[in-house]
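Using the sequences and the accompanying hints, generate a full structural model.
Chains A and B, in that order, give the protein sequences. Taking full-length UniProt numbering, I'd label the letters of the first sequence as residues 1 to 464. Taking full-length UniProt numbering, I'd label the letters of the second sequence as residues 1 to 464.
Read the hints as simulated data drawn from the structure, not as lab findings. Be careful, since some hints might not be right.
Computed cross-link-like contacts, PhoX-like style, restricted to lysine-lysine with a CA-CA straight-line distance of at most 25 Å [claimed, not checked]:
no., chain 1, residue 1, chain 2, residue 2
1, A, K327, A, K221
2, A, K340, A, K221
3, B, K159, B, K221
4, A, K126, B, K159
5, A, K159, A, K321
6, A, K159, A, K327
7, A, K340, A, K327
8, B, K126, A, K221
9, B, K221, B, K126
10, B, K327, B, K221
11, B, K321, B, K221
12, B, K221, A, K159
13, B, K126, A, K159
14, A, K159, B, K159
15, A, K159, A, K221
16, B, K159, B, K327
17, B, K340, B, K159
18, A, K221, B, K159
There are 2 protein chains.
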Amino acid sequence: MSTLPTSVVGLDAEMSALLGDGWRTDASERLAYAYDNSRRQSLPDAVALPTTREQVVALVRACRAHGVPVVARGRGTNTTGAAVPVAAGVVVSFERMNRIVDIRPGDRCAVVEPGVLNGDLQAALKAHGLFWPPDPTSAGYSTVGGNLACNAGGPRAVKYGASRDNVLALTAVTGTGELIHCGTATTKGATGYDLQRLLVGSEGTLALIVEASLRLTPAPKARRALRAIYRDVSSAAQAVARLMAQPVTPSMLEFMDADAVRLARDVGGADLPHEAGALLMVEADGDAQTLPHDIEALMRAAEGDGLIAIDDAADEAAREKLWAARKALSPSLRTLAPGKINEDVVVPVSRIPQLVDGVQALSREFALPIVCFGHAGNGNLHVNLLYDPADASQNERAHAAMGRVFALTLSLGGTLSGEHGIGLAKREFMPQAIDAPTLTMMRAVKAAFDPDGILNPGKLLPDE
Amino acid sequence: MSTLPTSVVGLDAEMSALLGDGWRTDASERLAYAYDNSRRQSLPDAVALPTTREQVVALVRACRAHGVPVVARGRGTNTTGAAVPVAAGVVVSFERMNRIVDIRPGDRCAVVEPGVLNGDLQAALKAHGLFWPPDPTSAGYSTVGGNLACNAGGPRAVKYGASRDNVLALTAVTGTGELIHCGTATTKGATGYDLQRLLVGSEGTLALIVEASLRLTPAPKARRALRAIYRDVSSAAQAVARLMAQPVTPSMLEFMDADAVRLARDVGGADLPHEAGALLMVEADGDAQTLPHDIEALMRAAEGDGLIAIDDAADEAAREKLWAARKALSPSLRTLAPGKINEDVVVPVSRIPQLVDGVQALSREFALPIVCFGHAGNGNLHVNLLYDPADASQNERAHAAMGRVFALTLSLGGTLSGEHGIGLAKREFMPQAIDAPTLTMMRAVKAAFDPDGILNPGKLLPDE
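Okay, structure coming up:
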């Protein structure tokens, strides 16, 4: 083929034989795998659609022999550029490895290929009264492999944990093309090094996951929501600390700052009082019989200084109505500015007021709207910086402000990301978050798994 | 000093200056740190009792320069020999680094030095209505650092997880004497590689933990126990699967096989029927108001084919009485034989019947009593092989039988250890449990943290 990129000329015959129509080098196909939800873009030299782990092993070995980068891809829903092939090479899309291999209800375990959609898995588990806890917004169209690679979370993580907390064992292909089996499909294990949790969140830089044994949880039979409105962020944050310090762990605990409340009201049409300075959505799940008691306990914890109003959604329709304010939020952000930088920093729960206050000060300093909302029970706030990318001054201010948001977060004992990961977007900030000896150790771990640096180069770790 | 072992001659002056009376080379002191609860013994060349992380850094660097092994030690309660200095060198006991640095109830976080006793931490947390979930039998006299190094669990792990599930961040000293900071004291994080969970369970072979930020859980206000007696193991195991498949996760779910029940009755004096073929102790914890509903749900799940009797302990005195059968067990084992090999294998919950059946067949084949009990909700059974170590034939049979127990466990999709770890005791079985490419990967990770192999040599990984 005349358009074949030079780098994959040496691979082409072997990969065509290995993968058949699962080896793609034409420009239009390459373009379709060049981007992710970060809106960054970089053309790969080829796309591979393997159907078996043996093909992945052969592919990685061939790429290693030819010094060609290998970039694993789920469905490209991540927001950090982790799936963008910035050094070109071969994108390995797992869309054809999408079987649910086994569901074992008695063992609370499902075995899946990486390309299974999170939503398809949940649908299959429903019949068994089970679910897999990670629930990113993208759940309907993101893959389990992608969720694991990025340690995806979601609102439910406050009670049930993120992806890393819900994996038992992984089969993966390292940068040397070795197939490794990490962990066991049991809920306890103390047999050597825990490589499976190390692979979770490593964004395809250590190994390619080809099978996962997932830890499942019995589905709660009922759920019920509260909406608590506070005078100010500090009152709401104190309520978060009270909610997290008592034994009934909420199944969701979402926060909205004053700007977010205003947007939800003025643009989204949500029924919210004008004096609202912050809002918490609190949800509990469990047995229909015990839920009223749990909701009572959460209500007691939500009450305190600065509470303006608290509403208890007695049924599913009322619940939907309460959540409407939260759902109205993301679309209404677009009314403020055409561009948005959405980062998902984390601070200890007790530091939420300082984070929100500090972000508001940055909003004034840089003369740009910044709206905060997110998973308060984990201190995981989505900081949305709104600007016009076409305006050079705004563009520059937005990126300068975001750097300051990271610095503020770190000064409060927090970290750069709770569930989106690092990818391309935050790697330049890694040396602020992680000290030099620890970064050196991470590089040594990377070299142990991928001595030639062919797996997703240019991601997660900063340049040396 | 005339008795100074040759290997530490080069270190002696520097370490005396660094550690003062925290540097011990006399024979009696060395003897006191030569053993652990595995009853294995090997004399170290010196003992170090550091009080600061800086001392640990200097010590490891000096040991590395002189090629001297470094063996971290909590209180030596582990059963696998992980703390025995088989290659001599310096034992680093963390008994003087035992401060609780900070308790932050609003963040559900405690920061501790590694030498804090688990029990002392729990006592300090009680005032805040919090606890740290790992509850090994040794909790009163084992250290948090030791618990983390071995990924200690306990009965509560079925609901609250083991040590690895309850750590947020670790500060540690690698084999090159670098101080690294892994993780953040937040309950969510997707910032680079998860080195902190990798260090948990690594038995001092990757780094020495000098500070830990622990994830705390609000203490339940009430608890209540059930005892269910079954005709046979299979009926009990099916009940375990039913109990784990419904939404009320028990806070403990302990199993006893027929021999264990018989011992508890005949030797321990517990009130148990003669036809009992297996027993489950089930406990729930939570709010006093919701607990009756939870217990009802557990009772319903416990009911089924093969159930002989079920007792609900309505108050704490009745609870203690029910637990008496379980507590009578360990002492009564000694009436069967003077020697005991206690291994803590894990299988998927659904495979418990095959494990117990297979172990009973091995007991007949090798003509030695084997008693199984343990943490059924995690499939983590303690297999107690009873024999007379002074009898050469029994000794040989006991060890041969144990190898077969491991092979059986692995054939059922299980693993060698749930909470005791590998240490010296099981390392020769690692190649059966973990395939060659994965072991090679573990060795590469070890080399990344400890390139000269000075940290706890001869443990966890088998000889090449």
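Taking the hints in turn, this is what the structure says about them:
1. K327/A x K221/A: With Cα atoms ~24 Å apart, K327/A and K221/A stay inside 25 Å; holds.
2. K340/A x K221/A: violated, 38 Å
3. K159/B x K221/B: OK: K159/B and K221/B at ~15 Å, within 25 Å.
4. K126/A x K159/B: Holds, because 22 Å separates the two Cα atoms, which is no more than 25 Å.
5. K159/A x K321/A: Given that 25 Å is the threshold and the Cα spacing comes to 23 Å, the pair holds.
6. K159/A x K327/A: Given pair K159/A, K327/A holds - Cα atoms ~21 Å apart, limit 25 Å.
7. K340/A x K327/A: holds, 17 Å
8. K126/B x K221/A: Distance of about 32 Å is beyond 25 Å: violated.
9. K221/B x K126/B: holds, 11 Å
10. K327/B x K221/B: Distance of about 23 Å is within 25 Å: holds.
11. K321/B x K221/B: holds, 20 Å
12. K221/B x K159/A: With Cα atoms ~18 Å apart, K221/B and K159/A stay inside 25 Å; holds.
13. K126/B x K159/A: holds, 22 Å
14. K159/A x K159/B: OK: K159/A and K159/B at ~12 Å, within 25 Å.
15. K159/A x K221/A: Since the Cα atoms of K159/A and K221/A sit roughly 15 Å apart, the hinted pair holds (cutoff 25 Å).
16. K159/B x K327/B: Holds. K159/B to K327/B sits at ~21 Å (cutoff 25 Å).
17. K340/B x K159/B: Given pair K340/B, K159/B is violated - Cα atoms ~29 Å apart, limit 25 Å.
18. K221/A x K159/B: holds, 18 Å
Checked against the numbered hints above, the structure breaks hints 2, 8, 17 and satisfies the rest.
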